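Take these sequences, add in the hints, and give me the full structure.
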Amino acid sequence: MNFIGNIIWLLFGGIIAAIVWFLAGLILCVTIIGIPFGLQCFKIAIFVLWPFGREIELGNFGAGGLIFNIIWLIVFGWELAITHLVIGAVFCITIIGIPFGLQHFKFAQLGLLPFGARIH
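Residue 37 is where the sequence shown starts when you use our numbering, and the numbers rise one by one after that.
Just so you know, the hints here were simulated from the structure itself, not pulled from any lab data. Wrong hints could be hidden among the right ones.
Below, in silico cross-link-like pairs of lysine to aspartate or glutamate (DMTMM-like), each with a Cα-Cα straight-line distance of 20 Å or less [said to hold, decoys possible]:
1) Lys142 to Glu91
2) Lys79 to Glu115
3) Lys79 to Glu93
4) Lys142 to Glu93
5) Lys79 to Glu91
6) Lys142 to Glu115
Distance ranges between label pairs, derived from CB positions [claimed, not checked]:
7) Ile134 to Leu94: 19 to 25 Å
8) Leu62 to Ile110: 35 to 41 Å
9) Ile106 to Thr130: 33 to 39 Å
10) Ile132 to Phe97: 32 to 38 Å
Predicted, not measured: the structure shown is a model, and the values here were computed from it. Just so you know, even glycine gets a beta-carbon here, dropped at the ideal spot from N, CA and C.
This is how it looks when you write it as structure tokens:
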């Protein structure tokens, strides 16, 4: 079931979302200060490409991760989380869209605190 969900995900926008996250990572990596944030965008792009059957474990970050998560949350995170929450809510309106909405809720979690998050 996860394989079929991932294929449908790719066909109906997953590949575009992954490309957008990848391009955001490239833009952030232009400056030295933005490299850690760009690397997180690459991690999210890989997760967005194939999300079904994978889970997020938040936490496990040290003092540096805490500082980067705070900066991320202020600059990027809250907008990304709200966007994914709204898209997830729209998908959850229909029964067929619920699995895709749940994936967007996972992206919202990762969009808030990407540093120290593990994707299994």
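Self-check item: Distance restraint between Lys142 and Glu91, which requires alpha-carbon spacing of 20 Å or less
Solution: Since the Cα atoms of Lys142 and Glu91 sit roughly 8 Å apart, the hinted pair holds (cutoff 20 Å).
Self-check item: Pairwise hint evaluation, Glu93 against Lys142, where the allowed Cα distance is 20 Å at most
Solution: 10 Å, holds
Quiz item: Is it true that the CA of Lys79 sits at most 20 Å from the CA of Glu93?
Solution: 14 Å, holds
Quiz prompt | 32 to 38 Å as the expected CB spacing between Phe97 and Ile132, which holds or is violated | solution = 36 Å, holds
Exercise. With a cut-off of 20 Å on the C-alpha distance, tell me whether Lys79 and Glu115 pass.
Key: Status holds; Cα separation ~18 Å.
Quiz item: Are Lys142 and Glu115 close enough, with their CA atoms no more than 20 Å apart?
Solution: Satisfied, since the Cα-Cα distance of roughly 15 Å is no more than 20 Å.
Quiz item: Using the C-beta atoms of Leu62 and Ile110, is the stated range 35 to 41 Å upheld?
Solution: 22 Å, violated
Practice problem: Please work out if Lys79 and Glu91 have their alpha carbons no farther apart than 20 Å. | Solution: 13 Å, holds
Quiz item: Is the distance from the Cβ of Ile134 to the Cβ of Leu94 consistent with 19 to 25 Å?
Solution: Holds, since Ile134 and Leu94 (Cβ atoms, about 22 Å apart) stay within the stated range.
Quiz item: Does the Cβ distance between Ile106 and Thr130 fall inside 33 to 39 Å?
Solution: Distance hint for Ile106, Thr130 holds at roughly 37 Å.
Violated hint: 8 only; the structure is consistent with all others.
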